[in-house]
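Participant: Given the coordinates of chain A, assemble chain B onto it according to the supplied hints.
Line by line, the protein sequences give chains A and B. First residue of the first sequence? That's 1 in the numbering used here, and the numbers climb one at a time after it. First residue of the second sequence? That's 176 in the numbering used here, and the numbers climb one at a time after it.
The set of hints was computed from the structure by calculation and includes no laboratory data. Hints are supplied without guarantee of correctness; some may be wrong.
[To be verified] Not close to chain B: a few residues of chain A, all C-beta gaps over 12 Å, as computed:
#1 P16
#2 G68
#3 V69
#4 R89
#5 E90
#6 A97
#7 A147
#8 A155
[What the hints assert, rightly or not] Calculated pairs, DSBU-like style, for lysine-lysine (alpha carbon to alpha carbon, straight line, at most 35 Å):
#9 K49/A <-> K232/B
#10 K270/B <-> K32/A
#11 K270/B <-> K232/B
Just so you know, these numbers come straight off a predicted model, no measurement behind them. Beta carbons are placed, not taken as given, at the ideal position from N, Cα and C, and that holds for glycine.
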Amino acid sequence: MEWTAEFRARYAEWWPQAEPLLAAHDYSAAFKTYPWPTFADTPWTPVAKALGQSRIAVVTTGGLYRPGVDPPFDVGALGGDVSYRAIPRETAIATLAIAHPHFAHEVAEADMNTVFPLDRLEELRADGVIGDLAPTHFSTMGYAPRAADLAEETAPAIAARMRAEAVDAALLVPV
Amino acid sequence: MCHQSGGLIQRAIEAAGIPTISLSNNPTATRRVRPPRWTRVRFPRGSMLGEPGNRGKQRAVLEGTFAALGTIQTPGGHVELPYRWEAPPVMFRGKALTEGSYG
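The shape of chain A in the complex, shown without the other chains (with noise of 0.2 Å):
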């Protein structure tokens, strides 16, 4: 990717001074001089299958991970987290936990559908207005600093999860 050496320096510069703001927990002072990635272009993929005969994936930002079974995310790094995590369908959302410290976590807690809409999709496949959901979902923490790694390892890699899985079209729920 063409953009990544260039935030990778930028983000070199910026981060002697952000990290005691951070450390500090002044993300506005931090972030007012952080190397915001900006793109001019997007990529596409037409839609190629109707919505009933496709299989969807979800992927939220929310931090969630299986206690007990997953590794929580590093909640304490002030460069963030990239790592992601895979999330079984067959999951039990209300059994998921919440690593991301920046959103309040009462809304989640009381329905994990507001940022991880497992329960609702399968309902939608099951009245056939999906045609099938993937086997595989994924978390991610949403404060991830370290843009060029997320978009370099740990995007590709989720990605490629979903490839394998003929996954037909992808929900992403930023929290």
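Facilitator: The following block gives chain B in isolation, referenced to the frame of chain A:
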């Protein structure tokens, strides 16, 4: 920066040959990362599908979003969904949110 993270992942999935769509309650952040397709939802941070337990609204948001997957023809295009938050505001860092991300 959830919209950036989600957007970067979305771009990679689309580039790998799988069409995608996302939800956004922060159009400024979403436009910066330019995902292929998105729907705008006017819900507060931490609740992108509507109120907890509101199965009808959550389902409507999903159906509206999947419909947009089929109708958006311009890369980067979006659809505005009409639903609003119908519960007390969500408190985050001392702010009462009924719509949008914090900062």
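Participant: Against chain B, does A155/A keep a CB gap of more than 12 Å to every residue?
Facilitator: The claim is violated: A155/A sits with its nearest Cβ about 3 Å from chain B, within 12 Å.
Participant: Hint check: K270/B vs K232/B, CA-CA at most 35 Å. Holds or violated?
Facilitator: holds (24 Å)
Participant: Regarding the pair K49/A and K232/B, is the alpha-carbon distance no greater than 35 Å?
Facilitator: OK: K49/A and K232/B at ~25 Å, within 35 Å.
Participant: Taking the shortest Cβ-to-Cβ distance between P16/A and chain B, state whether it exceeds 12 Å.
Facilitator: Non-interface label on P16/A holds, nearest chain B Cβ at 19 Å vs cutoff 12 Å.
Participant: Taken at face value, is the distance from the CA of K32/A to the CA of K270/B at most 35 Å?
Facilitator: Between K270/B and K32/A the Cα gap is close to 20 Å, so the pair holds against 35 Å.
Participant: Hey, does G68/A actually stay past 12 Å from chain B on C-beta?
Facilitator: It holds; G68/A is separated from chain B by about 24 Å at its closest Cβ, greater than 12 Å.
Participant: In terms of Cβ atoms, is chain B entirely out of 12 Å range of E90/A?
Facilitator: holds (19 Å)
Participant: Beyond 12 Å on every Cβ pair: is that true for V69/A relative to chain B?
Facilitator: Label holds. Min Cβ-Cβ 22 Å, cutoff 12 Å.
Participant: Examine each Cβ of chain B, and state whether all of them lie more than 12 Å from the Cβ of R89/A.
Facilitator: holds (15 Å)
Participant: Taking 12 Å as the cut and beta carbons as the points, is A97/A off the interface with chain B?
Facilitator: holds (15 Å)
Participant: Run the C-beta distances from A147/A to all of chain B and say if the shortest one exceeds 12 Å.
Facilitator: violated (6 Å)
Comparing the model with each numbered hint stated earlier shows that hints 7 and 8 do not hold.
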